[in-house]
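Full structure from sequences and hints, please.
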Amino acid sequence: MEILFRKYFWAVELALLAVISFLGALTTNALLAARLVAPVDLDAMAPSSSAGNPGAAFLARAGSLPLERTAAFLGIELPSEDPTAGEPEMPAYDPDAEAVPSSLNLTLVGTMVANRPEWSFATIRKSGGEHVGVYLVGDEIEGATVLEIERLRVILLNQGRKEYIAIDESKTGELQRLASATPTPSATSSRGGAPQVEPAEVRQVGNDTYEISREDVERQLANLSALATQARVVPSFKDGKANGFKIFSIRPGSLYQKIGLQNGDVIRKINGYAIDSPEKALELYAKLRESSRIEVELERRGKVQTKTVNVR
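All letters in the sequence shown, in the order written, are residues 1 to 312 by my numbering.
Keep in mind that the hints were calculated from the coordinates and are not lab data. A hint or two may mislead.
As the list claims (entries may be wrong) - Here are the computed lysine-lysine pairs in the BS3-like style, where the Cα-Cα straight-line distance is at most 27 Å:
1) Lys241 - Lys162
2) Lys241 - Lys269
3) Lys269 - Lys238
4) Lys307 - Lys258
5) Lys307 - Lys246
6) Lys238 - Lys162
7) Lys162 - Lys126
8) Lys246 - Lys162
9) Lys241 - Lys303
10) Lys258 - Lys246
11) Lys246 - Lys269
12) Lys269 - Lys258
13) Lys303 - Lys258
14) Lys307 - Lys269
15) Lys303 - Lys269
16) Lys303 - Lys238
Stated by the list, open to error - What follows is a list of derived Cβ distance ranges for each label pair:
17) Leu104 - Tyr273: 33 to 39 Å
18) Gly240 - Asp96: 30 to 36 Å
19) Lys303 - Lys126: 42 to 48 Å
20) Asp139 - Lys241: 30 to 36 Å
21) Tyr273 - Asp208: 14 to 20 Å
22) Gly206 - Ser127: 37 to 43 Å
23) Asp94 - Glu118: 36 to 42 Å
24) Gln262 - Ala92: 52 to 58 Å
25) Arg300 - Asn105: 45 to 51 Å
26) Pro95 - Asn115: 17 to 23 Å
Only a predicted model underlies this, so the values are computations on that prediction, with no experimental measurement involved. Where a beta carbon is used, it is the ideal one built from N, C-alpha and C, also for glycine.
Now the structure itself:
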């Protein structure tokens, strides 16, 4: 269990970012989990006879259990798959062509850019609805394919043409300037060169109660990568079981510090939900985007405390 939890702990980091920046998607845990562990046809993989192979027999009986998770428990090495098998052919296009504003009626809510492009994702709202979906490189939306995910925009391939949607279409000129400009030392972070996020204004209105404006939250959404460098989190275990996640290396003046978190705090619950597995972290991540009140239960030096953040 500990190995699995550590392997997918990036999901827990997403949950923490959701609490702080309230970025996310109004989608379900299944939508995200499907991208973490793809379903596999167990019958097709299992040999016709499982005699002499108890591991394969167990997998065959596992039914709907995700294969990767079951194999991790058993210590079975899964055969590698051809990454190109079954992939639809992408329409021919000029990869060097400049992307133009998209003709699709889509709204880019936010992005999370990772060092590995396949781990980056974008939250996009479709036309005329409240539904927000989470999309990775290669996903399809409204007939277009996601080619690239950048900090402020997403590049799409729509009918053989490169298009983009931006977080704020009114800032297209600024977006193009940022894309071609060389970052200055003052605009980069000492931790990996990520751009600095603009400090948020947080008011403490009680012993353990804080307020942040919705407008300030939206400003944070433009630079989640920098926000993620303001602290580090690791899984926390007690008696061999996951009991939350520990936060440390909190940078002075960061949003984490402003809402009262301290190095060594163990985040146990958020809005009453225990954070003891990647699945629960993803489920919570999906639910928090529109929350106006966030309660964080933490353990500090053996004592349980609750921090409340109100979004106005």
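Contradicted hints - numbers only: 1, 6, 8, 18 and 23
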